[in-house]
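Visitor: Sequence:
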Amino acid sequence: MDEETFFPSDTDIDFSFTSTTSSVTTATDRTFASSSARTSLARSSLTLSFNESRLSTSTAGATAAANLHHRPHRKSDPHWSAINAATTLSSDGALHLRHLKLLRHLGTGNLGRVFLCRLRDCDAANFALKVVDRDALTNKKLSHVQMEADILSALDHPFLPTLYAHLEVSHYTCLLIDYCPGGDLHSLLRKQPGNRLPVDAVRFYAAEVLVALEYLHATGVVYRDLKPENVLLREDGHIMLSDFDLCFKADVVPILESRARTRPVHGCFGSREAAEEVVAEFVAEPTDAFSRSCVGTHEYLAPELVAGTGHGNGVDWWAFGVFIFEMLHGTTPFKGGSKEATLRNIASTRQVKFQARDEEEKGVGITEARDLIERLLVKDPRKRLGFSRGATDIKRHPFFNGIKWPLIRTYTPPEVRGVARKTKAHVSHVTGVPSERGHWWWNSKKNKGSKHNFTFNNNNYYSYINYKKVKKCA
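Per the UniProt record's numbering, the sequence shown runs over residues 1 to 474.
Don't take each hint at face value.
[To be verified] Listed below are the simulated DSS-like cross-link pairs for lysine-lysine, each with C-alpha atoms no more than 30 Å apart in a straight line:
hint, residue 1, residue 2
1, K339, K404
2, K249, K101
3, K191, K383
4, K383, K404
5, K379, K339
I should point out that these hints are in silico values taken from the structure, not numbers from a laboratory.
Build the full structure now, drawing on both the sequences and the hints.
Guide: See below:
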């Protein structure tokens, strides 16, 4: 077919999204009333019309080429390959709406709608297109849209979304980002017995979320919207955080600290000796971050945020503790009979209470997980784990012992009910090189240590073995 069939000119496009059924958007029961409310997903059938009488393109030719956010180190990624193919055929070298083919409506949020789409004449890569009607938003929500676009444009991390293109057309802002076919962790939890995950799965997802938060904080971004609904699952089973409209930015000063640690050394005759070594640790935590905006999901709000006296980076580490608790127990720790009761529980001096789990699960990471949660859910943010040194301290907690953090994205995700993924090696999000170092499997070992004698070491509570090497030795 000729080019005009696949790429009609912008003058023929009216980028209007109309529904043949009424779309009712209501705030979810987990959304704080005074925050930017998250709306529930709305299912509707779409009608796309092509009529320039209602549309004017605000993306000028001089700036159109800047709407792509190239990542040269990911040139072999199929998504970038598809985009490069489309822009090569474009007269101005930029991506336009005429290059996109919408497949279906994925959901409706507070700021706009999200659609599954592909590039025309290319079915190898799926994308999510977030469409925001600026005319329908208040100035405050418009600032949230701008904040999300700014943050997305700067992200480059395997557990965070990639902004492939930013399109401004008439009164619409369109963000082309990654599509995650696995849904979100909240939906996954609803498929589990008791709405909770096994401890090894909790550790896996918590570790990847921790790495994502570490990256955000290192860039001076305080997330403020951590919850299972915003943790999406990629096709390969790894996570991706979403929704950055509630973030705020702060200055951060990275530092390199030295720390002495003792590691065991095996002698020639099996004797163990202690050797002291000095290790360098990178710390980049926005400890001076400060905001008075009361936003977020009420069950995940930190006490200082509820009090309205101002908050900083500590709200993310409080939410991280709530997040781990919900994955373990199927509910949040301070949930009351109403939103007001939940907020009172958070603001009170009430400490976190844990639910009993099955006998066979006791002692297999539960004690360590509860200790970590208690250290994160400290009402005073200055005493909260992670407040001063961020993820650097949290990574050293016994709950995460044995994790090889630089290799975390090469681990095979745990088998969880309701998760379907491809088994072939996935393309590396950072390097663009297929992972050929073998699969790394979780090998559980029991640890009956008491929470009262924890030390922040790196003993192999969970060890990881290279599956290919094991097969060769067998």
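Visitor: Does the alpha-carbon distance linking K249 and K101 stay inside the 30 Å limit?
Guide: 34 Å, violated
Visitor: Given the hint that K383 pairs with K404, does the C-alpha gap stay at or below 30 Å?
Guide: 27 Å, holds
Visitor: Is it true that the CA of K191 sits at most 30 Å from the CA of K383?
Guide: 36 Å, violated
Visitor: What's the verdict on K339 and K404, does the C-alpha distance respect the 30 Å limit or exceed it?
Guide: 40 Å, violated
Visitor: Holds or violated: K379 and K339, Cα atoms, limit 30 Å.
Guide: 19 Å, holds
This entry does not satisfy hints 1, 2 and 3, going by the numbered hints stated previously.
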